[in-house]
Structures are given as C-alpha cells and as structure tokens.
Amino acid sequence: MLHRIHHEYNKHTNNYGDIVWWDMLFGTYQNPKAFNSSCGFDNDKEQRLGEMLRSRDVHKKPARSKK
Numbered sequence: 652m653l654h655r656i657h658h659e660y661n662k663h664t665n666n667y668g669d670i671v672w673w674d675m676l677f678g679t680y681q682n683p684k685a686f687n688s689s690c691g692f693d694n695d696k697e698q699r700l701g702e703m704l705r706s707r708d709v710h711k712k713p714a715r716s717k718k
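Per this note's numbering, residue 652 is the first one in the sequence shown, and the count goes up by one each step.
Source of the hints: derived by calculation from the structure; they are not laboratory data. A portion of the hints provided could be inaccurate.
In silico SDA-like links for lysine to any residue, alpha-carbon gap of 20 angstroms or less [stated by the list, open to error]: (1) Lys-662 to Ala-685; (2) Lys-662 to Phe-692; (3) Lys-711 to Gly-691; (4) Lys-662 to Asp-708; (5) Lys-712 to Glu-702; (6) Lys-712 to Val-671; (7) Lys-684 to Lys-712; (8) Lys-712 to Phe-692.
The whole structure should be built from the sequences, with the hints applied where relevant.
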C-alpha cells in the first residue's frame with residue numbers, strides 16, 4: 652500500500668523517498684490498511700514524461716520554448 656500512496660492520483664504528499672525511514676523521520680510516511688483511490692496522472696501530464704524523467708514538476712505550466 653505504501654507505494655500506491657506515493658503515486659496516488661491528484662495528491663502530492665506522503666511517501667516521497669525510496670527508503671521509508673526518510674518519510675518516517677520527516678513525518679510524511681503513510682501506510683494505510685486499505686487504498687480506496689487511484690494512481691497516475693491526468694493525460695496532459697502523462698504526455699510530459701520526458702520532463703518527469705528530467706525531474707521537472709509537471710504540475711507547473713510547461714516552460715516556454717526558446718526560439
């Protein structure tokens with residue numbers, strides 16, 4: 652369940668680290684017994700995979716292209 656929290660749809664808090672003790676240390680750890688939500692991104696954000704792979708926040712507006 653804890654990894655689903657990391658990818659929960661439209662939620663950007665909890666379970667940030669690959670090592671759970673970082674989240675435990677900073678109070679962002681969550682591991683519920685049940686998960687009643689969904690995972691993923693809106694389609695427009697899914698299309699910005701390249702930006703995600705470059706650690707860009709796809710919840711911000713895209714950067715203007717330089718000409």
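Each hint, compared with the structure:
Using a Cα cut-off of 20 angstroms, the hinted pair Lys-662 and Ala-685 holds, with the two alpha carbons roughly 16 angstroms apart. A C-alpha spacing of about 10 angstroms is found between Lys-662 and Phe-692, which places the hinted pair at or below 20 angstroms, so the restraint holds. Pair hint Lys-711 plus Gly-691 holds up; C-alpha atoms about 16 angstroms apart against a cutoff of 20 angstroms. In summary, the hint linking Lys-662 to Asp-708 is supported, as the alpha carbons are separated by about 13 angstroms, within the 20 angstroms threshold.
A hinted pair counts as satisfied when its Cα atoms are at most 20 angstroms apart, and Lys-712 with Glu-702 qualifies at roughly 11 angstroms. Pair hint Lys-712 plus Val-671 does not hold up; C-alpha atoms about 30 angstroms apart against a cutoff of 20 angstroms. As the CA atoms of Lys-684 and Lys-712 are separated by approximately 35 angstroms, the hinted pair breaks the 20 angstroms bound. Distance restraint check for Lys-712 and Phe-692: the Cα-Cα separation of roughly 15 angstroms lies within the 20 angstroms cut-off, and the hinted pair is therefore satisfied.
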